[in-house]
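Visitor: Sequence:
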Amino acid sequence: MLLKAVSTAFSALSALSSVGRALGAGATEAADAAQAAPVPVAVSKPGLFDRMSLKFTRESLASDTANFADTLRQKLAARGVDLSVAPVLTMDDEGQVRVANNHRDKDKIESALAEDRDLQQQFASISAQSSLLRAFDSQSVFATDYAQAGNDAAAFSAVVERQNAYSRADFSLSVGATGHTPIFSMGMRA
0 MLLKAVSTAF SALSALSSVG RALGAGATEA ADAAQAAPVP VAVSKPGLFD RMSLKFTRES
60 LASDTANFAD TLRQKLAARG VDLSVAPVLT MDDEGQVRVA NNHRDKDKIE SALAEDRDLQ
120 QQFASISAQS SLLRAFDSQS VFATDYAQAG NDAAAFSAVV ERQNAYSRAD FSLSVGATGH
180 TPIFSMGMRA
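Note that numbering that gives the first Met the number 0 gives residue 150 to position 151 of the sequence shown, counting from 1, and the numbers run on in steps of one.
It is worth saying that the hints were derived from the structure and are not from the lab. For glycine and all other residues, C-beta sits at the position ideal for the given N, C-alpha and C. Fair warning: there could be bad hints in the mix.
As the list claims (entries may be wrong) - Restricting the straight-line Cα-Cα distance to at most 25 Å, the calculated cross-link-like pairs of lysine to any residue (SDA-like) are: (1) LYS74 to ASP106; (2) LYS105 to ALA134; (3) LYS107 to ALA77; (4) LYS107 to ALA146.
Stated by the list, open to error - Beta-carbon label-pair distances, calculated as ranges: (5) ASN101 to PHE183: 17 to 27 Å; (6) ALA154 to LYS105: 41 to 51 Å; (7) GLN73 to ALA157: 23 to 33 Å; (8) VAL140 to ALA65: 26 to 36 Å.
Can you make the complete structure from the sequences, with help from the hints?
Guide: Shown next, in the form of structure tokens:
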């Protein structure tokens, strides 16, 4: 049952990722991309989980995140942005990449990102994949806690509430002069 739920989640988020890559395309193109979404790499057959594919996904995500951060650092350096204080990037409710902290060059950073659709789409993909892997990682803990709660209504409620709060945390990425750090927290939306 758990693997079926994970498979379903991977499929749904794969479709969302495809739609995200189609950002800027017309509604028809975005819908076509969502319908044509490939089966995610971590599910070899419906209901079956392939741990080696998930490892590949984690490695690919780490590589994609590092490449995004390197490209962003180069673009921002060309604009004279000081990265000694790392901007924290997040997506707003309209899908735009925003600076969530009070970086002094916030306007320059957001302008650079707004002008580069590829960087926006890379960030959207990193955000979706990071959120998916985080949800997968939390699922086994949730399933164990859920089973242990049994018929105890208060324990059951606490487990569900904790999982809901965990699931609502937004992805952000801190990109500084020498590195980058993924962050999940509440209330970071710009």
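Visitor: The structure should be examined with respect to each hint, and the outcome stated for every one.
Guide: Checked hints:
no.: 1; hint: LYS74 to ASP106; in the structure: holds, 14 Å
no.: 2; hint: LYS105 to ALA134; in the structure: violated, 30 Å
no.: 3; hint: LYS107 to ALA77; in the structure: holds, 11 Å
no.: 4; hint: LYS107 to ALA146; in the structure: violated, 50 Å
no.: 5; hint: ASN101 to PHE183: 17 to 27 Å; in the structure: holds, 20 Å
no.: 6; hint: ALA154 to LYS105: 41 to 51 Å; in the structure: holds, 44 Å
no.: 7; hint: GLN73 to ALA157: 23 to 33 Å; in the structure: violated, 46 Å
no.: 8; hint: VAL140 to ALA65: 26 to 36 Å; in the structure: holds, 28 Å
Taken one by one, the earlier hints fail for this structure at numbers 2, 4, 7, listed in ascending order.
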